[in-house]
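*Asks:* Each chain, letter by letter, is given below.
There are 4 protein chains.
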Amino acid sequence: MKQSFLLIGISLFTLSLSGQEHKPAGNDRTIEFPDIPGYRSLVCDFHMHTVFSDGNVWPSIRVEEALRDGLDAISITDHIEYQPHREDIPHPDRNRTYELARKAAGESDLLIIPGAEITRSMPPGHFNALFVEDVNQLMDRDPLLVFREAKRQGAYVFWNHPHWTAQQPDGVAAFQDLHRQLLAEGLFQGIEVYNELTFSEEAVELAREHHLTMMGNSDMHGLIDWMYDVANGGHRPVTLVFATEKTPEALKEALFDGRTAVWFDNTLVGKASVLTPLVEASLKVEKIRGGLVPALEITNHSDADYILENASDFGLHNHAGILVLKAHQTTLVEVKTREEMESFTLRFRVLNAFDSPHTHPEIELRVD
Amino acid sequence: MKQSFLLIGISLFTLSLSGQEHKPAGNDRTIEFPDIPGYRSLVCDFHMHTVFSDGNVWPSIRVEEALRDGLDAISITDHIEYQPHREDIPHPDRNRTYELARKAAGESDLLIIPGAEITRSMPPGHFNALFVEDVNQLMDRDPLLVFREAKRQGAYVFWNHPHWTAQQPDGVAAFQDLHRQLLAEGLFQGIEVYNELTFSEEAVELAREHHLTMMGNSDMHGLIDWMYDVANGGHRPVTLVFATEKTPEALKEALFDGRTAVWFDNTLVGKASVLTPLVEASLKVEKIRGGLVPALEITNHSDADYILENASDFGLHNHAGILVLKAHQTTLVEVKTREEMESFTLRFRVLNAFDSPHTHPEIELRVD
Amino acid sequence: MKQSFLLIGISLFTLSLSGQEHKPAGNDRTIEFPDIPGYRSLVCDFHMHTVFSDGNVWPSIRVEEALRDGLDAISITDHIEYQPHREDIPHPDRNRTYELARKAAGESDLLIIPGAEITRSMPPGHFNALFVEDVNQLMDRDPLLVFREAKRQGAYVFWNHPHWTAQQPDGVAAFQDLHRQLLAEGLFQGIEVYNELTFSEEAVELAREHHLTMMGNSDMHGLIDWMYDVANGGHRPVTLVFATEKTPEALKEALFDGRTAVWFDNTLVGKASVLTPLVEASLKVEKIRGGLVPALEITNHSDADYILENASDFGLHNHAGILVLKAHQTTLVEVKTREEMESFTLRFRVLNAFDSPHTHPEIELRVD
Amino acid sequence: MKQSFLLIGISLFTLSLSGQEHKPAGNDRTIEFPDIPGYRSLVCDFHMHTVFSDGNVWPSIRVEEALRDGLDAISITDHIEYQPHREDIPHPDRNRTYELARKAAGESDLLIIPGAEITRSMPPGHFNALFVEDVNQLMDRDPLLVFREAKRQGAYVFWNHPHWTAQQPDGVAAFQDLHRQLLAEGLFQGIEVYNELTFSEEAVELAREHHLTMMGNSDMHGLIDWMYDVANGGHRPVTLVFATEKTPEALKEALFDGRTAVWFDNTLVGKASVLTPLVEASLKVEKIRGGLVPALEITNHSDADYILENASDFGLHNHAGILVLKAHQTTLVEVKTREEMESFTLRFRVLNAFDSPHTHPEIELRVD
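Chains A, B, C and D supply the protein sequences, listed in that same order. At the far end of the first sequence sits residue 368, using the working numbering, and the numbering has no gaps. At the far end of the second sequence sits residue 1368, using the working numbering, and the numbering has no gaps. At the far end of the third sequence sits residue 2368, using the working numbering, and the numbering has no gaps. At the far end of the fourth sequence sits residue 3368, using the working numbering, and the numbering has no gaps.
It cannot be assumed that every hint is accurate.
Claimed, not checked - Taking lysine-lysine pairs in the DSSO-like style, the calculated list, with each CA pair at most 27 Å apart, reads: (1) A:287 - A:252; (2) A:252 - A:271; (3) B:1287 - B:1271; (4) C:2326 - D:3252; (5) B:1326 - B:1103; (6) A:326 - B:1326.
Honestly, the hints are just simulated from the structure, not real lab data.
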């Protein structure tokens, strides 16, 4: 084709590339997702350890990791029943890590949620209790009594790594009788679908069937930077909590209400009712040229590289049916609308988001 | 100073740079895909221009671009009927760019295919004729006579950018009567589905319906490095040709036989009969742990970031249902086989590969 | 030492690192130096070739390279006597490249200076004549007549690559009788000290002794991007011209007056009278803490990584005697003033700047 | 989940990451310098803290940091007299961190040297005692008695951060009477010239005058990765010890004998007797072209970007008088020898190495 077309091509492509928001890899590790209509999107990690159980750092390091990752809330959940450093730290008050973390957080706006890990063999396995009043009251030989005490204290409780091969050798999360009993008594409300480096689609299915809140956490014992190769752009699994405000109370209310999504491995997992608005809020569309083949710039204001399958009535002029919108970048999209339109709507399935083990939420982008 | 000194300068400087122990991003621009069973995978660009039509460089630059990109074959396809530099280059022999490119390629193993662009208004639009014997014979007012002469010379002919908005304002590739006549006479055999920065799913559909060979080319007038932002990892569109050997004859035979795939924008387009073996040849699987949850390392030896949808009987322990295998990296995949198995097979749909506008090839990975 | 000191250390170090101005490597290739008191610092390349002599690109590519590099002025200096593309471009008007470059520059603010390369065997070798009125008048068998015609046209003339081993086998630039005669007649005014990838300290010495203007140019035949590995942060040699304004007239006046510095290989070469203000203008100092060991942030607004030798009365608290101020970054400098001072002056020798083959300019940074 | 699972996670994840074919910046943090004739170059950090004094990590983290940095030896030197975590760790055995670190180092070849920090107000300030037999014996109100006990145990003792502004407000390291007395009694042998982020040229001068061994250490309380921005290529200060073999005994012998260099901020500090062989051992020269202007490739096998001032009889053809040889890269150097030579010697002053506050070692590179 001739020169004139070439020049248009250059200028559009340049626009697309110059749209980078980010600094060089490793420079900015903040985990970023936009708020959604009606809720703030709080980035949280509710599962981690310190020298007060079997972790390797003082609570202050967990706080600084969280600040560097831009988290809104953490809970340090040291094992209640497992204290391998007892020789050096002989009388651990189970509320101590919370106190030390609160002190370390100081004037920052990081929320520290009191928590602990109920650490039992299977069944029931390991559970985290958040928003507890006094962890020292959660020590009893009978796990049922411990769960009932947690409930009495108003705790939000979730099942940790139900797919952990040390307790579930085939890695397939499944309820046993005790889990059904706990559920029947209202003794837990959530379940981890991502833990550390692993995922469980069976846990996603259990969450759907039993209306459990989906959680994703680091379960950190060593250092976030090393486990997740932060220097090369990695990050920990987090639970995005959609809360009316950034307070412990609103956080707790959202967890009981199941308003979460889990973010790890470039994958979002949650109910479609939060995933669809989250992806739509991430994407800003600007029409930069009209006509028969209008041109749009779509800017992705989130950390996810969205993998979109075109489900619109229209084909694209500069992309095939799978469109990847890279994190914090602007992508040029030309649409073959076949006739000139004042406004139109693009529809996409978000392939790296799951509202069940095998289904994806859909989004709509209105172009005016 | 004169050219001879320049060349000394280049070779020494290159030596100096190649000594870097840590390769910075953007240093290695070679386009790499593995061979497939029975065929070599030749990386080709069959559409580009020089100062001898409306391009901005001497043919030697096109050759060096190709060498830097690691291409196996190129054709310089200057416009036959469009010579805007005629004032300075008054009597262009239409075979001249081929001669100069051959000379520039020298002892390298880059194949230079003689070619030219038949440049007409729509219909029929622009067509490239490759493997022509004498381009000067392809000048006649009647396009039909030109196409017939090309056929007489044994040329392989393909329709360029059928979706070019300068000739097809809505960007929707479609046959007109003249195209059907050309096809009926066997006067062209291929069609571009990617051209420069644009894609046409309608062209993919036309290729399927009419057994046309799918092509993807740069149509370069300026510089590859600038148009495709090579400094940041970009590359030109290329046609992968699956040929029995790296010779012009085998290349021509493969083109007439429709054995191509097109690579651009992290997308592969072609028939499933070549896409499936291409993706399978790209991936090497090594079992590094057995048991109930075996662990595999899958190494991707191609330039594509493969976006795979798990279609296996098994879930994964460390990934959700969409698995991205990054180019030239090794990815750990843990599989929940539920029982210990000596060997098993994983199945995936390759979402960034298309054998029709909306369908994807499937691959199988055998694990022993 | 105790915790309290550690925390101060962290915050200062972070300040230093966060001071990066630049985008990722390869993204921004503009060559940037600040203006100096009384003059604009114009970034220029006065030596390059196109298909109209022995180069490989159309003049428009030279213009776009210059625009991408952020240059203020270029001159395309095709060989007058060497026309290897004569077979295809049979009657080259020697003013043609200037016309085509002017047209390509269009509405941009890039200055195109008419020029040509007088291309003779040694002596006198190759010379560039800039600001010529009609290059076609510069063709005569006797080089003296050509130089006199250039002078008649008001040209600024400089000796190219006096150290070129094809003409000076030991690479040691030296005058022969003809050069002295040319100089005596006022027929040239400048000399290249950097050409393409090479440097001549003997040329620097000749410039000093004979009051010649120092020049540094690319002498480009192929592509800037390839010769200088622009993808990895490289750039061409340039002549910084310190002119009263950005006009051809002011540029010419500055060249005749010797107000240049040459920039390549992280090295600046020129008279101390321009180097000292150039480095001082590059550096902004901000005192961020007072006391016995005041802390400064020094921001380097130039492309040079300045290598400074401390020549102050004071030692530094966080650096040894050699301080490197990286391009477009902010560096924390703590000074041991031994007593509290309202204001003080730091002095440095700039080791990567040369005002003679072996001496460096000095700078002063006032701290208030 | 418990620690055992974490370790599986790490090892698999590491396997996955090591499969990358293109190593991104920041992936390889090993500190690398070559051995010198007669000695191994051991990379050491002899000053750091854990939760057992005022640090924030368990000793195992210090061991893993050291392994990731490729160190040969570390000493954890918790404060003897300062125990801010006493409330949680009530009865700290002062030898405990050594025991835990030894256990964490396991089968690795990292040497763990027993050590502790004698923590006093000025004078004498803080001193580290290495190779101690029982730290618990080093507690006495009178510092002299503590130093004598350290000597009785055979310890190697060095003065920490003599320029610490909390104890020396002007940052100028200087002896007081007590220091002279300690020295007269042979109670310390070394002095830090780099500590954490700071440098003292007065400490370098004291080392020279009093034959003290020069030390450089991190004094880490938090995390190496954060303090030194390891993600972007930073590293801790280290003491390079030139020992006959990699054993605690040889290390101790070298420290008493003063065979060290300190590496930080792209600066090496030490005696010329070790710096000259260290730089020479870092550089391999290969002649790739002879003639009047021979071409060399100089490969720098160290982490230092060497800043060299040409002190040869010859000028360079492609560099000015300051030559920077980047870490782990090969640099082309063309030499103007003026006559053809079978062999010749290049001489350079190493400007980023110091054998006194203001003098630099010289090196010779033989070219055959």
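*Asks:* Which earlier hints can't be squared with this structure?
*Replies:* 1, 3, 4, 5
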